[in-house]
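Visitor: Sequence:
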Amino acid sequence: QDGNNGHDGIAGKDGTGIKTTTITYAGSTSGTTAPTSGWVTTVPTVAAGSYLWTKTVWAYTDNTSETGYSVAKMGNTGATGPQGP
3 QDGNNGHDGI AGKDGTGIKT TTITYAGSTS GTTAPTSGWV TTVPTVAAGS YLWTKTVWAY
63 TDNTSETGYS VAKMGNTGAT GPQGP
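Just so you know, the sequence shown maps onto residues 3 to 87 in this note's numbering.
Keep in mind that the hints were calculated from the coordinates and are not lab data.
Mixed in with the good hints, there may be bad ones.
Unchecked claim - In silico SDA-like cross-links for lysine to any residue, where the CA-CA straight-line distance does not exceed 20 Å:
| id | residue 1 | residue 2 |
| --- | --- | --- |
| 1 | K57 | T23 |
| 2 | K21 | T58 |
| 3 | K21 | D64 |
| 4 | K57 | I25 |
| 5 | K57 | A74 |
From just these sequences and the hints, can you work out the full model?
Guide: Take a look at the structure:
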């Protein structure tokens, strides 16, 4: 202990919880700019070489919200492998 015990401070503000989480998806040819429309609740089919965006919206109990994005590039179809035994 480095010093004398101090007095307790005032009570802190109640914590904020997550009220809802909403996840939607969209396909795009851009991997750097999120789509502005076309968001759906089921994962769409995205062409090889295009991008699948995922948008997550967190709504909090204090009536604020935040939005986060992630993006993945869909791989190209490779050559057919050799016949197995």
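Visitor: Compare the structure with each hint and give your call.
Guide: Going through the hints against the structure:
1. K57 x T23: holds (10 Å)
2. K21 x T58: holds (13 Å)
3. K21 x D64: holds (9 Å)
4. K57 x I25: Holds, at about 6 Å.
5. K57 x A74: holds (12 Å)
Against the hints set out earlier in the document, no violation occurs for any number.
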